[in-house]
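For the record, the sequence lines run as chains V and R. Start counting at 1 in the first sequence, then tack on 6, and there's your number in the working numbering. Start counting at 1 in the second sequence, then tack on 866, and there's your number in the working numbering.
Any given hint could turn out to be false.
Sample of chain V residues with no beta-carbon within 12 Å of chain R, all distances over it, derived [claimed, not checked]:
hint: 1; residue: 7
hint: 2; residue: 50
hint: 3; residue: 56
hint: 4; residue: 68
hint: 5; residue: 69
hint: 6; residue: 74
hint: 7; residue: 94
hint: 8; residue: 101
hint: 9; residue: 113
Here's a subset of chain V near chain R, in silico, CB distances under 8 Å, partners left out [said to hold, decoys possible]:
hint: 10; residue: 8
hint: 11; residue: 9
hint: 12; residue: 35
hint: 13; residue: 52
Everything labelled a hint here was simulated from the structure, so no lab data went into it. Because the structure is a prediction, the values reported are computed rather than measured. C-beta atoms are modelled at their ideal positions from N, C-alpha and C, and glycine is treated no differently.
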Amino acid sequence: MIVIDAASPVPPFEQLRAQLARQIQDRTLAVGTRLPTIRHLAADLGLAVNTVGRAYRELEEAGLIETRGRAGSFVSAAGEEGRERARRAAADYAAVIASVGIDAGEAIRIVQAALTSGAAAPASS
Amino acid sequence: MTREPLPHADPPARAADLRLASAWLAQHDLAGARPTPLLASRLAVRRRARLAAHVILAVLILASALAAASTFGDPSPYRPLPLLALTALVAALLLAQSLLDWWVRRVDRRAGATLSRRAAHLIQPGWRAVLGQPYAVFAVATFTGGMVLVGSALAVPDPTVRQLAVVLLIGLLGVTAIIAMQLRHLLRHPVVAEDEESLTADVIMRVEDARDLTTPNVQWSLPMVLLFGTAPGWWSAASVAYLFLGLVACVALHARTPSSATVARRAMSVR
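With these hints in hand, go ahead and build the complete structure from the sequences.
Written as structure tokens, this is what we have:
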């Protein structure tokens, strides 16, 4: 279910984008699930078509959904692949930490620092 | 559920609508939910729309009977004028139904515009969730049975029976088109909800309406009204069997399928 609160300070497109992204990430929406058309969801939520279109566009840019022409928008497998890559990288990192003898608390702080600096300036892969 | 009253609502009428909404909620195991002006307004509009839809179907039965009556006592029963008039009336009734659906959508849209929160499904309940396979099969079987009756009446050499069979064909195709239009509207018109309760109520209304649409009142009535007694005995027996079997299937469907509230909750749980 998607809920849009007109009284919220968060813009409707961001409310929609965030709820969709959360449901894709926590797998409430499985890979391959067909999303409602932009026009239909806009009518259901009482939003402008452009507002829903912007949310869909941002989700597509984030690789969470993909548009297959007239067939509509679907939850993309890219999000799942990204999560798997992160799991593999975490396992590699844990192996490095164990080999150099850093304790778990410090290892987590290093990750947190990397995530913080990564959010400010994303590293190129 | 909602916080603001709907604009332009007549206060005494609204109070009556709220009482009816409360009874409707209790009837669908939603007694814990508060009857809101949104639900009361939607149920009131739905009652009026259903009444108008029944009138449309009643007009179709009456017009078919009039077209059939013009056949009797005429030495040459092949008269195109009543058939053309009936076809034109079917087209007019389709237009009336589409205007009725448009009116419901407009009232719903206005009710939705007063809400500060809007809720919607991410996975739309399709025909399998709203109508259900057993009811869909029943609707298709009813249509097929009606067409078989028409085909067998057209094969009778008696010109009066054949003329009446054409009237029956126009009537049955007309009612099927009207029902298809209503089903399309049910499945595609936008949701008007503000939370999970009103979203559940919306699905219950759709399931109930879809089930009502598959009750083939007109399909059962038309063969009896138009041809029973005029057609040969075997045809009349077949039309009685069609009615009886349909009635048994309809009763069994209503008795064995889960209630609309249960279906709606299941639909909500997977969304």
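**Study point:** Unsatisfied constraints (hint numbers, rising)
**Key:** 1, 2
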